[in-house]
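2 protein chains.
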Amino acid sequence: MEMNNKPIGVFDSGIGGLTVAREIMEQLPQESIVYFGDTARVPYGSKSRETVTRFAFEGLNFLLSQDVKMVVVACNTVSATCLEELKKYSPVPVLGVIEPGARAAASGTYTGTVGVIGTERTIKSQAYVKAIHDINRDINIYSKACPLFVPLVEEGWLDNEAAFYTARTYLTPLKKEGIDTLVLACTHYPLLKPTLQAVMGENVRLVDSAYETAKEVSRMLKVMKLERYEAAPSVYRYFVSDDPTKFIEVGERFLQRPIDPINVIDPEVPCQGLKSKGRKSE
Amino acid sequence: MEMNNKPIGVFDSGIGGLTVAREIMEQLPQESIVYFGDTARVPYGSKSRETVTRFAFEGLNFLLSQDVKMVVVACNTVSATCLEELKKYSPVPVLGVIEPGARAAASGTYTGTVGVIGTERTIKSQAYVKAIHDINRDINIYSKACPLFVPLVEEGWLDNEAAFYTARTYLTPLKKEGIDTLVLACTHYPLLKPTLQAVMGENVRLVDSAYETAKEVSRMLKVMKLERYEAAPSVYRYFVSDDPTKFIEVGERFLQRPIDPINVIDPEVPCQGLKSKGRKSE
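Which chain is which? The protein sequence lines are U and H, in order.
The first sequence begins at 677 in this note's numbering and counts up one residue at a time.
The second sequence begins at 677 in this note's numbering and counts up one residue at a time.
Incorrect hints may have been included.
Identical copies carry no separate label here, and so any pair may be met within one copy or between two of them.
Calculated pairs, PhoX-like style, for lysine-lysine (alpha carbon to alpha carbon, straight line, at most 25 Å) [unchecked claim]:
id	residue 1	residue 2
1	K682	K869
2	K922	K820
3	K820	K764
4	K682	K898
Keep in mind the hints are simulated off the structure, nothing from the lab.
Please model the complete structure; the sequences and the hints are all you need to start from.
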């Protein structure tokens with residue numbers, strides 16, 4: 677297949693990266709996508725650097741085996757942990773979610789005081805702090821790990837009492853610092869936007885990494901002249917490492933389109949045969 | 677080593693099984709323990725039957741390589757998913773946490789109406805329902821998956837507003853059914869006992885699987901004449917599959933004793949060399 681018409685690979689630890697896939701579908705409807713969510717080993721956010729790095733290389737290798745023209749690491753934890761190593765290793769461009777989010781935050785703040793929320797691993801890595809300071813060293817950054825947000829989103833508790841209490845508890849210290857911009861440094865968090873906005877107040881701008889990343893994908897494809905031009909409609913394929921039932925159920929509600937075909941693969945096994953679960957063929 | 681003096685193996689998906697280890701330490705202080713927590717792949721509770729079964733066999737094989745006289749599957753998800761397969765395969769006795777909990781519930785209920793709470797996978801498996809009905813078919817059982825309890829416990833939010841709201845939301849339907857006994861079918865849940873008791877009221881008895889399982893271990897060792905009689909003090913060793921920092925931090929607070937020595941192993945690799953992290957030697 678000619679390079680331009682190859683799909684974009686999107687890698688995530690689970691279902692959260694679908695926020696990034698959805699933004700690519702909306703902003704670049706002509707592009708095809710291969711999505712891999714490592715649902716057997718999700719979440720990555722509380723695991724060690726070594727373990728996350730190993731899982732990430734397995735995910736990258738799987739997407740490369742699917743002949744993609746670019747890999748988007750939709751997982752903040754992976755982007756924060758080992759993006760440079762993945763870039764060095766990969767024969768195709770690799771794009772993370774941190775630089776786009778950091779750029780939007782740095783250019784959007786008036787007061788020069790920015791908040792960053794994410795998983796334990798993302799926050800501990802200080803990756804957003806480094807990325808924002810690479811752009812503007814004078815910005816004050818206040819970070820906060822919010823480990824309960826992902827399970828709340830997965831339970832569908834987006835705006836009930838527990839969600840508000842949790843958001844208030846995590847965000848009040850950031851609010852007291854007077855931030856005017858809050859980076860949602862985890863792909864699950866956009867689903868909590870109304871609650872987070874209500875807790876932070878209307879004057880704080882929420883930066884959605886998924887949206888910013890899709891914009892960056894668009895820019896990169898243009899610069900590299902890698903845009904798809906085939907007349908045939910774009911194709912979306914999905915791969916997971918665990919039984920796809922829950923992924924399909926939550927994901928279809930989320931993407932507002934069928935998740936089909938979907939296949940189950942074992943990322944620990946290189947060049948494996950696929951156990952097909954394409955529903956059309958069942 | 678003579679069979680009696682070999683350690684008891686305790687297997688869990690992560691840190692939760694330490695509630696079972698602690699009960700064994702308290703009830704059977706003369707017994708040695710080898711604990712394995714699969715912290716790189718935790719949690720199991722939301723994953724598929726196939727994936728959980730594969731992880732469980734890898735954990736069992738690791739403990740067998742440590743020359744244990746018995747394996748306690750402290751993980752409710754594993755006990756609910758594939759205990760019979762593990763029992764058939766293992767050359768030493770394998771004990772799960774479900775039968776002991778089910779027996780305590782069946783013998784403790786006056787009204788014949790029992791509640792069971794656990795992870796999605798444990799509840800979906802209906803393992804407690806089957807185990808309780810095997811003892812007494814007339815007991816009415818109401819089950820409820822409580823996926824937010826584990827992240828709450830891991831965040832240390834045991835009795836704040838979010839914990840109470842979550843407990844009320846999950847437990848109110850069970851309370852309305854008039855249960856007089858509530859089985860805590862997840863090793864993390866005993867830490868929430870005061871909150872759960874407050875929500876359910878003093879007349880509902882909470883069945884703690886960890887406590888009941890340790891009692892069953894004691895009974896089994898007596899029956900099989902496998903009690904340790906060596907004069908030397910018992911030895912506790914710990915193995916995890918991810919960086920042990922967080923496990924040590926949370927686990928020591930939890931067990932009230934040092935978690936040492938601890939080693940990191942990769943359960944996907946059979947008969948591997950151990951990457952030693954024993955702190956004494958560092």
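Here's how the hints hold up against the structure:
In this homomeric assembly, K682 and K869 never come within 25 Å of each other (Cα to Cα): the closest approach is 33 Å inside a single copy and 54 Å across copies. In this homomeric assembly, K922 and K820 come within 25 Å of each other (Cα to Cα) only across copies, at 18 Å, whereas the closest approach inside a single copy is 29 Å. For a Cα distance limit of 25 Å, the shortest separation of K820 from K764 qualifies neither inside one copy, at 30 Å, nor across copies, at 47 Å. Taking the shortest alpha-carbon separations for K682 and K898, only the intra-copy value of 15 Å comes in at or below 25 Å, while the best inter-copy value is 65 Å.
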